[in-house]
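Asker: Read off the chains here:
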Amino acid sequence: MRLVIFFVMALVLSPVYAGPVVTYDFASEEQEALFNKLSNELRCLVCQNQAISDSNADLAKDLRDEIYGMLQQGKSEEEIVEFMVVRYGDFVLYRPPIKPMTWLLWFGPVFALLAGFYFVIRIINKQKKAATAEMSSEEIERLKTLQSEAQAMKQAEDSKD
Amino acid sequence: MTQKINNQSLLKRLMPLIIFIMLVAILAIGLTLNPRLVPSPLVGKPVPEFELPLLNTSGKLTHEDLKGGITLLNVFASWCFACRQEHEAITQLSRNGLRVIGFNYKDEAKDATAWLRQFGNPYQLVAQDLDGRVGIDWGVYGAPETFVIDHNGIIRDKRIGPVDEEYINEKLIPLVEQIRSEQA
Numbered sequence: 004m005r006l007v008i009f010f011v012m013a014l015v016l017s018p019v020y021a022g023p024v025v026t027y028d029f030a031s032e033e034q035e036a037l038f039n040k041l042s043n044e045l046r047c048l049v050c051q052n053q054a055i056s057d058s059n060a061d062l063a064k065d066l067r068d069e070i071y072g073m074l075q076q077g078k079s080e081e082e083i084v085e086f087m088v089v090r091y092g093d094f095v096l097y098r099p100p101i102k103p104m105t106w107l108l109w110f111g112p113v114f115a116l117l118a119g120f121y122f123v124i125r126i127i128n129k130q131k132k133a134a135t136a137e138m139s140s141e142e143i144e145r146l147k148t149l150q151s152e153a154q155a156m157k158q159a160e161d162s163k164d
Numbered sequence: 455m456t457q458k459i460n461n462q463s464l465l466k467r468l469m470p471l472i473i474f475i476m477l478v479a480i481l482a483i484g485l486t487l488n489p490r491l492v493p494s495p496l497v498g499k500p501v502p503e504f505e506l507p508l509l510n511t512s513g514k515l516t517h518e519d520l521k522g523g524i525t526l527l528n529v530f531a532s533w534c535f536a537c538r539q540e541h542e543a544i545t546q547l548s549r550n551g552l553r554v555i556g557f558n559y560k561d562e563a564k565d566a567t568a569w570l571r572q573f574g575n576p577y578q579l580v581a582q583d584l585d586g587r588v589g590i591d592w593g594v595y596g597a598p599e600t601f602v603i604d605h606n607g608i609i610r611d612k613r614i615g616p617v618d619e620e621y622i623n624e625k626l627i628p629l630v631e632q633i634r635s636e637q638a
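Listed in order, the protein sequences are those of chains A and B. Mapped onto this note's numbering, the consecutive letters of the first sequence carry residue numbers 4 to 164. Mapped onto this note's numbering, the consecutive letters of the second sequence carry residue numbers 455 to 638.
Calculated from the structure, these hints are not laboratory results. Some clues are possibly wrong.
To be verified - Computed list of lysine to any residue pairs in SDA-like fashion (alpha-carbon distance at most 20 Å, straight line): (1) A:K64 <-> B:G596; (2) B:K625 <-> B:K466; (3) B:K560 <-> A:V49; (4) A:K64 <-> A:F86; (5) B:K466 <-> A:F122; (6) B:K560 <-> A:N59; (7) A:K157 <-> A:E141; (8) A:K78 <-> A:F38; (9) B:K499 <-> A:V89; (10) B:K560 <-> A:D65; (11) B:K466 <-> A:R125.
Could you build all of it, start to finish, from the sequences and the hints given here?
Answerer: So this is what it looks like as structure tokens:
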């Protein structure tokens, strides 16, 4: 048992971080923050589900170098994003711009949520209505006879005592 | 009257099934799409400006050299397995008179030379992009990729992945014919 625990701990505690380890020197903290922001928001095209900040792919490394180089030249965030989009398209952006092509992507979930609310409210209203529905005249008639019958039975029982 | 009510309630009861089928259809279409095929924003634009050394000859290849006729710019590398797969198709296109220029991406000159010697050289010229810097300007993110460039130096199509018979017949040949008719 101890051996098992040992192996499990060894597995859990071993340093498994295998991200890229190249370090860059930045002129200022803002520049470093911008570099981190950009490389986290731009998608690696080779591995697609990773940002270029945490991809080990060769191209991701090149693009990190490219971003670093542009920051050193004093390029702005917009200029760097523009550089990437011109070459690789909106696909490199983890936050695609809002335009007719992406409306469904941006507003679809909100629409689905509202549609869900609408249907839930409709169903609840319908059930409420069914619970408080008015009786027909036949039903009222039948209720009256039942009530008077019950009354008569009770009176008969009372008079027995 | 009752018939109509029955129809309505039937539709209502089938609604979840209909929605489910629609959802399945949308997801099924999504599954058949290949997420690797990222449409290039460069299609319809002029080729990016560049200057690269040529493999095994002196001289340079620049964006100006890509104007004039219809050119196929084929991004390849000796380390790229799928490039071997398309090599025969590329060779065939070159034999049929299409101008095919090689774009040797992130490779070593001696590896590329050996590769071309082994499998045959279908390229009129081979430009060397050793560090992949020019490749970034072309939006290259893997090999093989193939650009179709018209006589004005406009990129007309980008093929991501190996060029195969299907691509040649359904896309390339009609596109080449279209460009030729524009030229005339």
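Asker: All hints, please: hold or fail.
Answerer: Hints, verified against the model:
1. A:K64 <-> B:G596: holds (14 Å)
2. B:K625 <-> B:K466: violated (45 Å)
3. B:K560 <-> A:V49: holds (15 Å)
4. A:K64 <-> A:F86: Between A:K64 and A:F86 the Cα gap is close to 16 Å, so the pair holds against 20 Å.
5. B:K466 <-> A:F122: Cα-Cα ~13 Å, so holds.
6. B:K560 <-> A:N59: holds (16 Å)
7. A:K157 <-> A:E141: It is violated: about 24 Å lies between the C-alpha atoms, which goes past 20 Å.
8. A:K78 <-> A:F38: holds (11 Å)
9. B:K499 <-> A:V89: holds (10 Å)
10. B:K560 <-> A:D65: holds (11 Å)
11. B:K466 <-> A:R125: holds (14 Å)
Comparing the model with each earlier hint shows violations of hints 2 and 7; every other hint is respected.
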